[in-house]
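Starting from the given sequences, assemble the full structure and let the hints guide the process.
Protein chains: 2
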Amino acid sequence: MKGTVAFYTAHLLCLVLSVVCVVLVVYWNSSYRGGFAWDHKAKQFNWHPVLMVLGLVVLYGNAAVVYRIPLTWGQNKLPWKLLHAGLLLLSLIFAVVGLCAVFDFHNAGNTPNLYSLHSWVGITTTVLFAMQWAAGFGAFLLPCSPMALRVFVKPAHVWMGSTILVLSVVSCISGINEKLFFVLKKSTNGTHSYAELPAEAVLANSLGVVIVAFALVVLKILANQSWRRPDPRSEEGEYRSLRTDEH
Amino acid sequence: MKGTVAFYTAHLLCLVLSVVCVVLVVYWNSSYRGGFAWDHKAKQFNWHPVLMVLGLVVLYGNAAVVYRIPLTWGQNKLPWKLLHAGLLLLSLIFAVVGLCAVFDFHNAGNTPNLYSLHSWVGITTTVLFAMQWAAGFGAFLLPCSPMALRVFVKPAHVWMGSTILVLSVVSCISGINEKLFFVLKKSTNGTHSYAELPAEAVLANSLGVVIVAFALVVLKILANQSWRRPDPRSEEGEYRSLRTDEH
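Each protein sequence line maps, in turn, to chains C and G.
Note that numbering that gives the first Met the number 0 gives residue 189 to position 190 of the first sequence, counting from 1, and the numbers run on in steps of one.
Note that numbering that gives the first Met the number 0 gives residue 111 to position 112 of the second sequence, counting from 1, and the numbers run on in steps of one.
Any given hint could turn out to be false.
Treat identical chains as interchangeable: a pair holds within one or across any two.
[Said to hold, decoys possible] Derived SDA-like pairs (lysine to any residue); straight-line CA-CA distance at most 25 Å: (1) Lys40 to Leu98; (2) Lys40 to Gln224; (3) Lys1 to Ala147; (4) Lys1 to Tyr31; (5) Lys219 to Val18; (6) Lys40 to Gln131; (7) Lys153 to Thr3.
If you're looking for bench data, these hints aren't it; they were derived computationally from the structure.
If you want it as structure tokens, here you go:
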């Protein structure tokens, strides 16, 4: 009971931080960066931070903790698996569209792609995520995949899930930091440099802090052994029990 | 036996990546950034990446995995505790001197401190590390600290240890990325911009990749339950058995 209250407190924190992340990244790019368009210019770039934070952090983190919700433990696992895989597919699509936004923007301006450390870590994160999704689909959702394979793959899947979230955070923080150095310049028409810490800098730095806090809460939920779904044989039973449910 | 071989493989990888990290960060700053001095100018700044990588990543990570070495499990825990605490104190000193290097550099050039997201995450990491060291010293090294306190504090200490390493990596990657945008500019005297990916950019980006790889190996070692020192009561016995050893 004590563990359940602690879990739901952590989960509530996770949900609140999710909302704050989304509000801050959308507000930053709509109010300070000129909003959104798909015009190969700055407004197209603005989709990049929004979609990466929404995909690789917020949706990803929330999808990762789905199995930890005690309310779901008494239920058939398959619908929750489908929710887990579905949210992660949506998250992957957001990330890929977010990458397209920045590649298009670079190509239109003849700026090279994939030169910065931010981009090296970011592209690695997205590729690992795509591989993880495909491997997870093959191992845990295809009915023909054998139980022995699922049991063997699961620890690596769980570990890689946390690792990808860590890499996402590294990508986001280096990206926000880089963006603020790019755009915040002192000028005669009253704009301020990053070093003067104008309102936009405080807002986007705060977004970075909230992303880090959100990821740490998710990683804590994932790492807590006593918050894991307590039925290790649930893989075996789910298709059978679903068929039983259908009668 | 299989677990022991896997541990030593991971530990060897951890040591190899440590050496590569140190070689790359020292080579980068000595060969491309002009070397080291304590002159409040660029050469003083160069201590910052070297000391942060050496302190907050390499020494920190190696100190964190000391208890996981199976060779030490049959031995009294206290000498290994002293090594753990000693390496971490050295690591904290390196981090603090590394921060002094950049604060001095900024102050001499009238550049504000602590405005970037990199600096916000970095200073938080160092403050958390200092608090973690002090709390660890109080709870685990002071002979008067009660067993109940140690058992209560240990999971939080282990969790915070991994968290601080994640924050260190976020700080390092955002810092290397920022530094390369600052210094790599295209000019008429033949220097290249970051976007042209000159040799320095490849070197420093590679340093970033190796830092991430090192941290992931350390986090994997820390997360593996079967690699934990198997004696949960070792806290109780160590002072008594040390006194017995002395006879």
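Practice task
If the cutoff is 25 Å on CA atoms, where do Lys153 and Thr3 land: within, between, both or neither? Let me know, please.
Solution key: both (24 Å within a copy, 21 Å between copies)
Handout entry: Status of Gln131 relative to Lys40 across identical chains (alpha carbons, at most 25 Å)
Key = For Lys40 and Gln131, the Cα distance exceeds 25 Å both inside one copy (32 Å) and across copies (46 Å).
Exercise for the section: Measure nothing new, just compare the shortest in-copy and cross-copy C-alpha distances for Lys40 and Leu98 to 25 Å and report within, between, both or neither. Expected result: within (14 Å within a copy, 38 Å between copies)
Problem - Status of Gln224 relative to Lys40 across identical chains (alpha carbons, at most 25 Å) - result: neither (47 Å within a copy, 49 Å between copies)
Handout entry: Alpha-carbon proximity between Lys1 and Tyr31, which holds within one copy, between copies, both or neither at 25 Å
Key = neither (44 Å within a copy, 56 Å between copies)
Problem - Within, between, both or neither: Lys219, Val18 at alpha-carbon 25 Å - result: Intra 19 Å, inter 30 Å, cutoff 25 Å: intra-copy only.
Practice task
Please work out whether the CA atoms of Lys1 and Ala147 approach to 25 Å or closer within one copy, between two copies, in both situations, or in neither?
Solution key: between (34 Å within a copy, 19 Å between copies)
Taken one by one, the earlier hints fail for this structure at numbers 2, 4 and 6, listed in ascending order.
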